[in-house]
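K.L.:
We have chain A already, so just place chains B and C on it with the hints.
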Amino acid sequence: MLNSKNPNYNPDFRFPEQTPIGMAYIPFQPWEEPYDAQQGLERGTMFPSLDLPFKRGAV
Amino acid sequence: MNERQRLLKLIQMYDFAIKDLNLYLDTHPGCAAALQYFHKYKELSAKAYDQYIKLYGPIIPKQVTSTEHWTWINSPWPWERSAN
Amino acid sequence: MWTYEKKLQYPVNIKNPNPKLAKVIISQLGGPDGELAASIRYLNQRYVMPYPELKGLLTDIGTEELSHLEMVSAIIYQLTRNLTIDQIKDSGFDTYFVDHTTGIYPVAASGAPFTASYFQSKGDVITDLIEDMAAEQKARTTYDNILRLSDDPDVSDPIKFLRAREIAHFQRFGEGLRIAQDNLNSKNFYACNPAFNKRCGRNQQL
Numbered sequence: 187m188l189n190s191k192n193p194n195y196n197p198d199f200r201f202p203e204q205t206p207i208g209m210a211y212i213p214f215q216p217w218e219e220p221y222d223a224q225q226g227l228e229r230g231t232m233f234p235s236l237d238l239p240f241k242r243g244a245v
Numbered sequence: 002m003n004e005r006q007r008l009l010k011l012i013q014m015y016d017f018a019i020k021d022l023n024l025y026l027d028t029h030p031g032c033a034a035a036l037q038y039f040h041k042y043k044e045l046s047a048k049a050y051d052q053y054i055k056l057y058g059p060i061i062p063k064q065v066t067s068t069e070h071w072t073w074i075n076s077p078w079p080w081e082r083s084a085n
Numbered sequence: 020m021w022t023y024e025k026k027l028q029y030p031v032n033i034k035n036p037n038p039k040l041a042k043v044i045i046s047q048l049g050g051p052d053g054e055l056a057a058s059i060r061y062l063n064q065r066y067v068m069p070y071p072e073l074k075g076l077l078t079d080i081g082t083e084e085l086s087h088l089e090m091v092s093a094i095i096y097q098l099t100r101n102l103t104i105d106q107i108k109d110s111g112f113d114t115y116f117v118d119h120t121t122g123i124y125p126v127a128a129s130g131a132p133f134t135a136s137y138f139q140s141k142g143d144v145i146t147d148l149i150e151d152m153a154a155e156q157k158a159r160t161t162y163d164n165i166l167r168l169s170d171d172p173d174v175s176d177p178i179k180f181l182r183a184r185e186i187a188h189f190q191r192f193g194e195g196l197r198i199a200q201d202n203l204n205s206k207n208f209y210a211c212n213p214a215f216n217k218r219c220g221r222n223q224q225l
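Residue numbers (our numbering), protein chains in the order written: chain A, 187 to 245; chain B, 2 to 85; chain C, 20 to 225.
Isolated chain A (complex conformation) (with noise of 0.2 Å):
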């Protein structure tokens, strides 16, 4: 059973080696510098990469 206490458990593979179809894959999160405290907060996320505002008046 691959769960963590597996040694071969790797959460950091974005993708699984075997994406077949009818199933959904949502790549991963690798690890990355947070933002501090005080941004993230300000942002509503500790994470760069899942800090994506909404563009009011955007066409």
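Hints are computed from structural coordinates only; laboratory data are not their basis.
Certain hints may be false.
As the list claims (entries may be wrong) - Mimicking DSS-like on lysine-lysine, the simulated pairs with C-alpha atoms at most 25 Å apart in a straight line are:
no. : chain 1 : residue 1 : chain 2 : residue 2
1   : C       : Lys217    : B       : Lys43
2   : B       : Lys55     : C       : Lys25
3   : C       : Lys157    : B       : Lys41
4   : B       : Lys55     : B       : Lys43
5   : C       : Lys39     : C       : Lys157
6   : C       : Lys25     : B       : Lys48
7   : A       : Lys241    : C       : Lys39
8   : A       : Lys241    : C       : Lys157
9   : B       : Lys43     : B       : Lys63
10  : C       : Lys25     : B       : Lys10
Stated by the list, open to error - Residues from chain A that keep clear of chain B, each with C-beta distances beyond 10 Å, as calculated:
no. : residue
11  : Gln204
12  : Thr205
13  : Pro206
14  : Ile207
15  : Gly208
16  : Met232
17  : Phe240
Positions of the beta carbon are idealized from the N, C-alpha and C atoms, including for glycine.
P.N.:
Below, chains B and C without anything else, positioned relative to chain A:
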């Protein structure tokens, strides 16, 4: 911003970092870097809490220190403007 | 069990009451894609999840959504302070006011009351996680729409925070789905449901 708001803001900042790292660790439980940041913010948060509750009262009921009055119920409550 | 901390996750401090805005934002309280639906969905789904990562994730996101429920309630509360009868009549808030005064009650902007039909707890690992991913996108879109309708920075500020959280949650549920897949046989992910069948795993004979 008064001193109470400043300290509360610090707590909110550190606790947010902890929460977001918590969720990341739920799906990356072996990630040493994330764990390191978690412990860093856990310590910062604990210090900020200690300062806050000493001056401004409890954030959870078991932090009440008064032997005279049940300060848990005191204003302001978080949905009131003066608490923010 | 739950501990309550006497603070909001992110501050809400709104200078100008605005019952017209309250009337639409209330959908994030009692509406189909709101925080109440989200928290109850995740907290209910967590019990039959077979993997520790998923038990943790659903508990922790479900708990965070309760704190978001509180923020949305605080926004509604502050938007409806000190209203005049003319403000209530002119804003269209009168249809809520007649039943709830300025009390907080979970309805959608349409007035439809909260219902368990807004969420599902299907008891299937893959199904529940995909429901959760959809829920986060629906919530994100609702916040986009609120940002379109709000001209008050005091309101838009906490709304932007709540919106950002939905995107983070979407990514985490997606990772939860990946963890579920890693524990199943990729020749056929749908052969069995690990929340129900004990022998449903990666080495499952198909």
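K.L.:
State for each hint whether it applies.
P.N.:
For each hint, the structure was consulted:
1. Distance hint between Lys217 (chain C) and Lys43 (chain B) is unfulfilled; the C-alpha atoms sit about 37 Å from each other, more than 25 Å.
2. For the given pair, Lys55 (chain B) sits about 15 Å from Lys25 (chain C) by alpha-carbon distance, which is consistent with the 25 Å threshold.
3. Our distance criterion of 25 Å between C-alpha atoms is broken by Lys157 (chain C) and Lys41 (chain B), whose separation comes to about 34 Å.
4. Using a Cα cut-off of 25 Å, the hinted pair Lys55 (chain B) and Lys43 (chain B) holds, with the two alpha carbons roughly 18 Å apart.
5. The straight-line distance between the Cα atoms of Lys39 (chain C) and Lys157 (chain C) is roughly 22 Å, inside the 25 Å bound, and the hint therefore holds.
6. Of the pairs offered as hints, the one joining Lys25 (chain C) and Lys48 (chain B) holds, with about 17 Å between alpha carbons and a cut-off of 25 Å not exceeded.
7. Between Lys241 (chain A) and Lys39 (chain C), the direct Cα distance comes to roughly 23 Å. Compliance with the 25 Å bound is thereby established for this hinted pair.
8. A C-alpha spacing of about 17 Å is found between Lys241 (chain A) and Lys157 (chain C), which places the hinted pair at or below 25 Å, so the restraint holds.
9. For the hint linking Lys43 (chain B) to Lys63 (chain B), the alpha-carbon distance of about 19 Å falls within 25 Å, and the restraint holds.
10. Straight-line distance between C-alpha atoms of Lys25 (chain C) and Lys10 (chain B) comes to about 13 Å, which keeps the hinted pair within the 25 Å bound.
11. Under the 10 Å C-beta cut-off, the non-interface status given to Gln204 (chain A) relative to chain B holds; the minimum distance is some 20 Å.
12. Distance check on Thr205 (chain A): its Cβ is at least 18 Å (rounded) from any Cβ of chain B, clearing the 10 Å threshold; non-interface status holds.
13. Consistency note on Pro206 (chain A): stated as away from chain B, and its beta-carbon is indeed over 10 Å from all of that chain's, at 22 Å minimum.
14. At the 10 Å boundary, the C-beta of Ile207 (chain A) stays outside the reach of chain B, the nearest C-beta of that chain being 24 Å off.
15. Once the 10 Å rule is applied to beta carbons, Gly208 (chain A) is consistent with being away from chain B; the minimum gap is 23 Å.
16. At the 10 Å boundary, the C-beta of Met232 (chain A) falls inside the reach of chain B, the nearest C-beta of that chain being 4 Å off.
17. Look at Phe240 (chain A): its CB is around 19 Å from the nearest CB on chain B, clear of 10 Å, so calling it non-interface holds up.
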